[in-house]
Amino acid sequence: MPQQQSGSSSQREEDLGPGPAPAPGGGAAASQANTADLDSLLDEIDSVLETNAEEFVKGFVQKGGQ
Amino acid sequence: MTHVPQVPRATRSGHHGPTAAQPAWQGQFALVPGGRDEAEIAALIPAGRDTAGWGVHRVMGLETEFGVHAPANPGAGHSQLSTEVVNAYADLVTSQGGSVAGTEWDYGEESPLVDARGWTMPRSVAHPSQLTDEVRPRLGEGYNEHGERVHLLMNLVLPNGARLYVDHAHPEYSSPETTNPLDAMVWDQAGDRVALAASQRIAQAPGSPQVLLYKNNTDNKSVSYGAHENYLVARALDFDELAAHLLPFFAARQVICGAGRVGIGVTGRTPGFQISQRADFFEEQVGLETTIRRPIVNTRDEPHAVADRYRRLHVIIGDANLSQTSTWLRCGMTALVLSMIELGTCPRLELVDPVAALQRISHDPTLQATVPLTDRRELTGVDLMEVYLDAAEAHVQRFGMDDPATQDVLMAWRETLDLFRTDPGRLADRLDWVAKHQLLSGYRERHGAGWDDPRVGMLDLQYADLRLDKGLHHALVRRGSMRTLVEETVIQQAMHLPPADTRAWLRGRTVDVHGRAVVGASWDTLLLRPDPDGPVHRFHQREPLLGTAAHTGSVFDDDGGSVQELLQVLDAVDRQRHLSTGP
Numbered sequence: 001m002p003q004q005q006s007g008s009s010s011q012r013e014e015d016l017g018p019g020p021a022p023a024p025g026g027g028a029a030a031s032q033a034n035t036a037d038l039d040s041l042l043d044e045i046d047s048v049l050e051t052n053a054e055e056f057v058k059g060f061v062q063k064g065g066q
Numbered sequence: 001m002t003h004v005p006q007v008p009r010a011t012r013s014g015h016h017g018p019t020a021a022q023p024a025w026q027g028q029f030a031l032v033p034g035g036r037d038e039a040e041i042a043a044l045i046p047a048g049r050d051t052a053g054w055g056v057h058r059v060m061g062l063e064t065e066f067g068v069h070a071p072a073n074p075g076a077g078h079s080q081l082s083t084e085v086v087n088a089y090a091d092l093v094t095s096q097g098g099s100v101a102g103t104e105w106d107y108g109e110e111s112p113l114v115d116a117r118g119w120t121m122p123r124s125v126a127h128p129s130q131l132t133d134e135v136r137p138r139l140g141e142g143y144n145e146h147g148e149r150v151h152l153l154m155n156l157v158l159p160n161g162a163r164l165y166v167d168h169a170h171p172e173y174s175s176p177e178t179t180n181p182l183d184a185m186v187w188d189q190a191g192d193r194v195a196l197a198a199s200q201r202i203a204q205a206p207g208s209p210q211v212l213l214y215k216n217n218t219d220n221k222s223v224s225y226g227a228h229e230n231y232l233v234a235r236a237l238d239f240d241e242l243a244a245h246l247l248p249f250f251a252a253r254q255v256i257c258g259a260g261r262v263g264i265g266v267t268g269r270t271p272g273f274q275i276s277q278r279a280d281f282f283e284e285q286v287g288l289e290t291t292i293r294r295p296i297v298n299t300r301d302e303p304h305a306v307a308d309r310y311r312r313l314h315v316i317i318g319d320a321n322l323s324q325t326s327t328w329l330r331c332g333m334t335a336l337v338l339s340m341i342e343l344g345t346c347p348r349l350e351l352v353d354p355v356a357a358l359q360r361i362s363h364d365p366t367l368q369a370t371v372p373l374t375d376r377r378e379l380t381g382v383d384l385m386e387v388y389l390d391a392a393e394a395h396v397q398r399f400g401m402d403d404p405a406t407q408d409v410l411m412a413w414r415e416t417l418d419l420f421r422t423d424p425g426r427l428a429d430r431l432d433w434v435a436k437h438q439l440l441s442g443y444r445e446r447h448g449a450g451w452d453d454p455r456v457g458m459l460d461l462q463y464a465d466l467r468l469d470k471g472l473h474h475a476l477v478r479r480g481s482m483r484t485l486v487e488e489t490v491i492q493q494a495m496h497l498p499p500a501d502t503r504a505w506l507r508g509r510t511v512d513v514h515g516r517a518v519v520g521a522s523w524d525t526l527l528l529r530p531d532p533d534g535p536v537h538r539f540h541q542r543e544p545l546l547g548t549a550a551h552t553g554s555v556f557d558d559d560g561g562s563v564q565e566l567l568q569v570l571d572a573v574d575r576q577r578h579l580s581t582g583p
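Order-wise, the sequence lines are chains A and B.
Residue 1 is where the first sequence starts when you use the UniProt record's numbering, and the numbers rise one by one after that.
Residue 1 is where the second sequence starts when you use the UniProt record's numbering, and the numbers rise one by one after that.
Keep in mind the hints are simulated off the structure, nothing from the lab.
In this text, a Cβ means the ideal position worked out from N, Cα and C, and glycines have one as well.
Just so you know, not all the hints are guaranteed correct.
Keeping only pairs whose Cα atoms sit at most 25 Å apart, straight-line, the calculated DSS-like set for lysine-lysine is [what the hints assert, rightly or not]:
1) A:K63 <-> B:K470
2) B:K221 <-> A:K58
3) A:K63 <-> B:K221
4) B:K470 <-> B:K221
5) B:K470 <-> A:K58
Calculated Cβ distances over 12 Å to all of chain A for the following chain B residues [claimed, not checked]:
6) A197
7) R414
8) L459
9) A475
10) R478
11) L485
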């Protein structure tokens, strides 16, 4: 049963296509005030983002947990 | 109306006889707000039912396994880094004149319990050249690089009643027992501050490479680590019934309390964004495992309380939340669903395939994906959460559970679902996954970056960075873009003080005020040796609501209770198996 289900699920996921509803974070859903705030936040983030992103993300390796 | 018969008062206030006949609700009666009497509550509880909660009020606690990373010291083992974090916090507390109760590294068959006062950070742990897998046996022997014996602590009980310990390859904080979702959130966030303070302590040590901590649940390389919840439930409740009700709820609740994740699949290799950190790591519906073939409902049965009266529901499917609202609602909604299950009012929903549904809901941040139920309905995650909310509102009304703490959760739950249907972007100021999605979408747009761009993966990771200057959740809070529910001072205080209304008070205050006498502490046991050459006294705390500030009186006051007075209090709590709430 699980296999059959996951098969039908992925089919449905494809059926969704781009979808009429934007995700919450999408630009269309964000209000004007939000956009201005997001812009200034993104400015800040550009300055705090770890510079060696690719290497950093690759190096973040954890051992199994619960 | 039929009801659970009252237990004769003589049995209830004494400590004689078996406890099997004692309903859980009587042990938890102190939770019920509003000065109601036992007879009234007894009359409300349906025949054959029992409950360990009331509205959102229930004994609960949260666990966080932190991701641990030392980029400047790539050879360091995760267990050593975790050990360093735990020991650095012990060092910090003791250097400020405080006290922790600690269990040393298990050198052999014995696991000696020690008072950590006066303990200093061993250089063997802090020194970068020593932090490799090769020296693990030497660390285990407990000698530093100068051949001096050091205490390596693996398990601490903190002054706030929490545990901080090395859980294999992660430092883990387990919050003290709290009685409501807001307090659960406060003492969970206190754990984030504890972990950060430990990391800062390490950074202060000369020559010590930084140990970075992340409150997330995956490295996106197939490994996941947990953020667990624990809820006290009535032993009388049939576990199969409990599990059947929880499966659809746990598949759906991520739409409110997911932490958001970049990448699909256990390795995150398929580009995209999903609602939950944990969803892709679950394979079973119900089971005992927590590290492999993870089940949505975990059957671990280790109550740390009177076993024939209570069960501890160990929830392993949640995401680690940075957002206060996400954490609060996660616990509040779950407490209400548990109350409905115990009292027989939970709506009967059955998903065709709960594991597939969990992942399908997680993989669609537009929230439009539907999942099939066995009654042939197709519902979205938001639809499912609305079914539970409608039922919870009716449940609260029926039982008169409409105290402010419960009403707050119901109102926020309703407002969240309404916004999902009308203007979901507005939830970016309170829910982790929505905030993260908005932030990362904005970044992608600005830089023309795909979901598989390493910078976007970096942002996902950095959202959970505990450092104040690097953590993106911190940045949102600092800017006022993310709501908080309590003042920072409340959380800071919770680093040092236990909740006053559970047995954590007695545990934490004993460790803090009488640390020298403590030779061991666990969730339901305290071991004291008042005289270094004298015998060890063992006390049980099997009722989670015994040993509160009200029960311990002035024994921890500055002018102080002596250890002898403390022993009397502990003895009284140990003897009082059943909480008598009457005058």
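A quick look at each hint next to the structure:
no.	hint	result
1	A:K63 <-> B:K470	holds (23 Å)
2	B:K221 <-> A:K58	holds (9 Å)
3	A:K63 <-> B:K221	holds (10 Å)
4	B:K470 <-> B:K221	holds (22 Å)
5	B:K470 <-> A:K58	holds (18 Å)
6	A197	holds (21 Å)
7	R414	holds (17 Å)
8	L459	violated (7 Å)
9	A475	violated (6 Å)
10	R478	violated (9 Å)
11	L485	holds (20 Å)
Against the hints set out earlier in the document, violations occur for numbers 8, 9, 10.
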